[in-house]
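Let chain A serve as the given structure and place chains B and C on it in line with the hints.
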Amino acid sequence: MPAYSTNMRLKFPILALTLEIITIILFAVFVDYDDGKHGGHGAHNTTHHEEKKDPLTLYPMFQDVHVMIFIGFGFLMTFLKRYGFSSVGLNLLLAAFALQWGLIMQGLWHLDDGKIKVSIFKMINADFSTATVLISFGAVLGKTSPVQLLIMTILEITIFSINEHLVAEILEANDVGASMIIHAFGAYFGLAVARMLYRPALRNSHENDGSVYHSDLFAMIGTVFLWMFWPSFNSAIAESGTDQLMAVTNTYFSLAACVLSAYAVSSLVEHKGKLDMVHIQNATLAGGVAVGTCADMDIGPFGAMIIGFVAGIVSTLGFKFLTPILASNLGIQDTCGVHNLHGMPGILGGIAGIVAVLSFSHLCHSSLRSAAMQGAALASSLGFALVGGTITGLIMKLPFWGQPPDQNCFDDSIYWEEEGEESLAHGDQKAEA
Amino acid sequence: MPAYSTNMRLKFPILALTLEIITIILFAVFVDYDDGKHGGHGAHNTTHHEEKKDPLTLYPMFQDVHVMIFIGFGFLMTFLKRYGFSSVGLNLLLAAFALQWGLIMQGLWHLDDGKIKVSIFKMINADFSTATVLISFGAVLGKTSPVQLLIMTILEITIFSINEHLVAEILEANDVGASMIIHAFGAYFGLAVARMLYRPALRNSHENDGSVYHSDLFAMIGTVFLWMFWPSFNSAIAESGTDQLMAVTNTYFSLAACVLSAYAVSSLVEHKGKLDMVHIQNATLAGGVAVGTCADMDIGPFGAMIIGFVAGIVSTLGFKFLTPILASNLGIQDTCGVHNLHGMPGILGGIAGIVAVLSFSHLCHSSLRSAAMQGAALASSLGFALVGGTITGLIMKLPFWGQPPDQNCFDDSIYWEEEGEESLAHGDQKAEA
Amino acid sequence: MPAYSTNMRLKFPILALTLEIITIILFAVFVDYDDGKHGGHGAHNTTHHEEKKDPLTLYPMFQDVHVMIFIGFGFLMTFLKRYGFSSVGLNLLLAAFALQWGLIMQGLWHLDDGKIKVSIFKMINADFSTATVLISFGAVLGKTSPVQLLIMTILEITIFSINEHLVAEILEANDVGASMIIHAFGAYFGLAVARMLYRPALRNSHENDGSVYHSDLFAMIGTVFLWMFWPSFNSAIAESGTDQLMAVTNTYFSLAACVLSAYAVSSLVEHKGKLDMVHIQNATLAGGVAVGTCADMDIGPFGAMIIGFVAGIVSTLGFKFLTPILASNLGIQDTCGVHNLHGMPGILGGIAGIVAVLSFSHLCHSSLRSAAMQGAALASSLGFALVGGTITGLIMKLPFWGQPPDQNCFDDSIYWEEEGEESLAHGDQKAEA
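Protein sequences, first through last, are from chains A, B and C. When you line the first sequence up against the UniProt record's numbering, it's residues 1 to 433, in that order. When you line the second sequence up against the UniProt record's numbering, it's residues 1 to 433, in that order. When you line the third sequence up against the UniProt record's numbering, it's residues 1 to 433, in that order.
In case anyone wonders, no lab produced these hints; they're calculated from the structure. On a predicted model such as this, the values are computed, not experimentally measured, just so you know. Hints are not guaranteed to be accurate.
Pairs involving identical chains hold if they fit within one copy or between any two copies, as the list cannot separate such chains.
Unchecked claim - With a straight-line Cα cutoff of 20 Å, these simulated EDC-like cross-link-like pairs (lysine to aspartate or glutamate) come out: (1) K11 / D113; (2) K37 / D54; (3) K272 / D406; (4) K115 / E207; (5) K37 / E417; (6) K11 / E417; (7) K397 / D35; (8) K272 / D243; (9) K115 / E172; (10) K320 / E270; (11) K11 / E207; (12) K320 / E417; (13) K115 / D35; (14) K11 / E270; (15) K37 / D243; (16) K320 / D113; (17) K272 / E417; (18) K115 / D298; (19) K115 / D32; (20) K37 / D298; (21) K115 / E417.
Isolated chain A, as found in the complex (with noise of 0.2 Å):
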């Protein structure tokens, strides 16, 4: 049966070639350096934090981003007893891929005298994009080979950037943490493809859908990278001075107040109060999600702990009680839960910068428009997530794509090499279609 062959020896590296050439071409004609001079469009955000002369000012923050990107994102997946190198390594080929794309996509929104003008500040941005891709890939996680997943970057990188324009430039909505066009638009796009790819033989749990001890310190790593440099994420593109203490400020509380929760809820819902891995590695973050619409809000240090701590209970009620209902009743099975970390919190998120826009109504009169364009934000995220993830789904479940057969899911001997005896003895024997 040739049209399910997994064996990746040309469509693989002829797609990836393919692309970065592409790529390469759509850069040699739209993007240069940041030279410092500007026109008058664009958006604000982005004018303001570029008029600063010296062009590497935002520098750290893009750096602590970056390692949430790639060693955060990529770790936290390795939670998987055989597929850690899926895990990592295709976490650094997507996202490798999708800043590159990203920067295009979002930057022809803005072209400066015909040209992409690439700071620090586009690449905090493009990182950003990035994300998107790297919460839905955490959805799909062993069920989808490296073509499939390429071919979802091109298509959610290129709606993303599209529904993040409308979010940003049209509803003129506030999003600094992005609690909605990145943590929900990644989620529920993520759901929607996973919905597409549905495996009923999964549905009684898969051998190498599951941790071993080690593979869970590994995805520690992941975990508190992300739980450190949240801060910087929610803060990175905020207005500079005070607006961007209160970002890092309000999420820095709402992390902290969040893991109390988690760990409170964790051992309340568990076999003789023990804590889960699962809940400590995800649920964790819920905090840094869900206070990212209003970070750059005066909603007081309490307010955004009390995000947190709610977060942080929802987060893990949704892994142990709601995964599974998804998975038997509506067929959506979520291999990192990314609905519980991503995308209850991020409809929270945007749920409390709803309320935290109506509760400054004394300070604005355009209080009542600002939240209806925050609920408007919120419906367009998960309107193009979910539409955007159905179409992606359908594509991405065309038969010639390298899709692994279900009894090789979750393990990485099907896509890498592998040596050495520990491997040998954990199934490198299985049958490869």
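Only chains B and C this time, still in chain A's reference frame:
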């Protein structure tokens, strides 16, 4: 025997949720963003830094310290073969609570219009207060329940903040890198707790009280991040400019010299001249501890190197010869050897500070008084640590905090759900009281 | 046969302590803090940066480079199944000594009132000099004793600093990201040493000369940190402002393009189109090496991407086809394949620098002379490396430095105490000469 139950189902969630809710209420009453305007009071260091225009100037330093707290301390303790989940996981829990509690406890001494105004500087100090708890955690690692550890966190941070205020504001002693008020304090506090929790049954080595190959590699992640970012720890709250550069430089070279002496002595005292991972993981860091007090003084790079060189020797010899004696003769079972990494090098740092202050006597009339104040600061830190740790240990010894029975020490499976064959093979079947 | 003893009990401690004491004395004589005042001489780069007011401006860049040296290089080499302690542990030892020695060796060329005045800029350069040793370490990994490696460190840093001075001050060649003076130099130096230490008995693959599943994941920690922070490596000592932004941007995109081509070619040349971890761990970084020389030149983002794209292809092909030939035909056993990651991409970077300088000829009368100087810099780096490495290898071959016998190569247990069942199961019983 229900009083000794390790089932945490009720007591841990209730304690964690209650603490977080109380903390949020305290934040609502006392904590606000730093608005950049200040009254005339407060520590001179604080005032100095907060006058800067960009409130995020210290942010990269803060993130380095943050990495030390969460990755550094967390992974350093993963060297135990079956206690990695607790090491990095409880480290995250305790630190997330401690930084909130520390911000309150430290801030109450310096209210500004009745408020604690959060700045990056205050976040760094909150992270610092956290370090004391994590050091003490190392002394009792593997032998305490999460409930006991949360209680220790509350008490230790509270006592720490009293001693810190006394040392910095009343004695006006210099301890920029906190050799005395964090390292010596945290170590002797933890040793006092460990003495109170003495377990005669663990005198003969426990089967899980040791490392395996990969657990030692995970621990090296912690070691290396601590080692790299220690210059940030010792300089983060120094006066900006030359003082801060000196703090960075002194720490950098002290650590480098310490590595050479730790390796040399490890080889000298071990079987056939081999190196011991315990020494490498810990004693290589002693130079950062010992240079802390005088990091921002003009001791010359070679002066810093001498301090680091001596610290590496003292620390390695401590691991080899002193730790076994403490355990067998004094009933102090110091799991991570914090006495060797933080205790003795911390005292060494305090003494180096006295010597440094005295040697500048031609520059300063009040140097004798200053030296006396440095000595008083060291004595105060040790006194508060030993008395505070003893009281805290007595409270932790009460029989209803879920302390693990001897046979389940150093074993994640008593507090963590485990899945996967590898785990099952290692002792999930163990009895739980 | 006592001359071949691998017992390090006396020789290693004596050497390490002696070196450190000599270094401290040299520091006492020659090294002082940077006070911000400078004479009129010194490298133009140096002067430029050090005129800045805040002496810590470069500190975040320094810390990124620091992470590359200690985490990046250290963990990249942990891919070997039983050599992780040595990889990350000896990396720490060698780097800690090298940065002290490098500061002296580089600083002696630029004395300021008879002193080397330490600044962050000089600390970055000291870390750079360290990189050459760590690259060479990769070539001889698993086959050398700590004593041999310390000897290599002294000699290599000394020779490096002569070549660096020649290239930067006499030839005035541009090599901001050090493709030539660090990467090509370190690689060919290491290969020359490896040639001298050729072991015919290792022609047939050694049982420990390979990876296991988790060792490959540890190595990915190194890979990803190197990949993320390479823009800092290539821009740290660039002129601040636009030049530095170009260096960051070019490196960022070169690396991104390199990932795509490395993955594609890995799949193309492997069995059934699978990916090979060796390629992913190493060849994805070749873009950072190759863009080094012209990182701060106006080659356009697409120009940088072409360099990275080619480097990824060359490097992957090198691992697949050239490394086996070097080992079997030339007697060069290159454990980590540094020829493919640093050697060929370094030369490629040098050539790209020549081409870039020539193509700017309409801007600059002296471009032909500049191109010739770039060529001379490349030739000088290769010449010093090959001659220096050969002499160093001959000295390292003397029979009393504790070199491991063939059967104990690639095995931590010969130089490290090991505890725990897992370790014991893997070969602690091996004979030691």
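Here is what the structure says about each hint:
Taking the shortest Cα distances, K11 and D113 never come within 20 Å of each other, neither inside one copy (38 Å) nor across copies (64 Å). For a Cα distance limit of 20 Å, the shortest separation of K37 from D54 inside one copy, 13 Å, qualifies, whereas the shortest one across copies, 23 Å, does not. In this assembly of identical chains, the alpha carbons of K272 and D406 lie at most 20 Å apart only when taken from different copies (19 Å versus 34 Å within one copy). Taking identical chains as interchangeable, the C-alpha atoms of K115 and E207 are never at most 20 Å apart, the minima being 51 Å within one chain and 55 Å between chains.
Taking CA atoms no more than 20 Å apart as the test, K37 paired with E417 passes in neither setting, with 49 Å inside one copy and 57 Å between copies. In this assembly of identical chains, K11 and E417 lie within 20 Å of each other by CA distance solely inside one copy; the values are 17 Å within and 42 Å between copies. In this assembly of identical chains, K397 and D35 lie within 20 Å of each other by CA distance neither inside one copy nor across copies; the values are 44 Å within and 54 Å between. In this assembly of identical chains, the alpha carbons of K272 and D243 never lie at most 20 Å apart, being 44 Å within a copy and 53 Å across copies at closest.
For the identical chains of this complex, K115 and E172 are neighbours neither inside a copy (24 Å) nor across copies (34 Å), given an alpha-carbon limit of 20 Å. In the homo-oligomer, the alpha carbons of K320 and E270 lie at most 20 Å apart inside one protomer (9 Å), although the nearest pairing across protomers, at 41 Å, exceeds that limit. In the homo-oligomer, the alpha carbons of K11 and E207 never lie at most 20 Å apart, since the shortest distance is 29 Å inside one protomer and 35 Å across protomers. Proximity of K320 and E417 under a CA criterion of 20 Å is satisfied inter-copy only: 13 Å between copies versus 35 Å inside one chain copy.
Taking the shortest alpha-carbon separations for K115 and D35, only the intra-copy value of 11 Å comes in at or below 20 Å, while the best inter-copy value is 39 Å. In this assembly of identical chains, K11 and E270 lie within 20 Å of each other by CA distance solely across copies; the values are 13 Å between and 45 Å within a copy. In this homomeric assembly, K37 and D243 come within 20 Å of each other (Cα to Cα) only across copies, at 15 Å, whereas the closest approach inside a single copy is 25 Å. Proximity of K320 and D113 under a CA criterion of 20 Å is satisfied in neither setting, with 52 Å inside one chain copy and 45 Å between copies.
When the C-alpha separation of K272 and E417 is checked against a cutoff of 20 Å, the pair qualifies only between copies, where the shortest distance is 9 Å, while the shortest distance within a copy is 41 Å. Within a single copy, K115 and D298 get their C-alpha atoms only as close as 36 Å, which misses the 20 Å cut-off; across copies the closest is 16 Å, which meets it. Taking the shortest Cα distances, K115 and D32 sit within 20 Å of each other inside one copy (6 Å), while across copies they are farther apart (43 Å). Taking the shortest Cα distances, K37 and D298 sit within 20 Å of each other only across copies (17 Å), while inside one copy they are farther apart (33 Å).
In this assembly of identical chains, K115 and E417 lie within 20 Å of each other by CA distance neither inside one copy nor across copies; the values are 42 Å within and 54 Å between.
Checked against the numbered hints above, the structure violates hints 1, 4, 5, 7, 8, 9, 11, 16 and 21; every other hint is satisfied.
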